[in-house]
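Engineer: Sequence:
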Amino acid sequence: MENYDLVTLAIDEIVDDGIVLETDPVMVASRVSKAPAQDAPNMKNIDLSEQGIQNLWEFGKKQGMEFVRRNL
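Quick note: the sequence shown uses numbering that gives the first Met the number 0, first residue 0, plus one each step.
In short, the hints are calculated from the structure, not lab data.
Among the clues, some could well be false.
Derived DEER-like restraints, expressed as beta-carbon distance ranges [unchecked claim]:
no.	residue 1	residue 2	range
1	Gln50	Leu71	27 to 33 Å
2	Asp15	Ser48	41 to 47 Å
3	Met64	Pro24	39 to 45 Å
For glycine and all other residues, C-beta sits at the position ideal for the given N, C-alpha and C.
Produce the entire structure from the sequences given, and follow the hints as far as they go.
Structural biologist: Here's what the structure looks like:
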């Protein structure tokens, strides 16, 4: 279960709507490989204050409204 996300991404890269799109394992692996740990986002930079959460909520609300407008 540790690498389930990578397996599902690999399957998604290989098959689309039941059609095999990619068979080169090097290409598939390059698209689904995990990023090095040093490139992972640092949790210390996330603003979890009340204002930070409010900003996140407003941003999400705005993005959701724009998505709905574009897709109606």
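Engineer: Tell me, in ascending order, the numbers of any earlier hints that this structure violates.
Structural biologist: Of the numbered hints, all hold.
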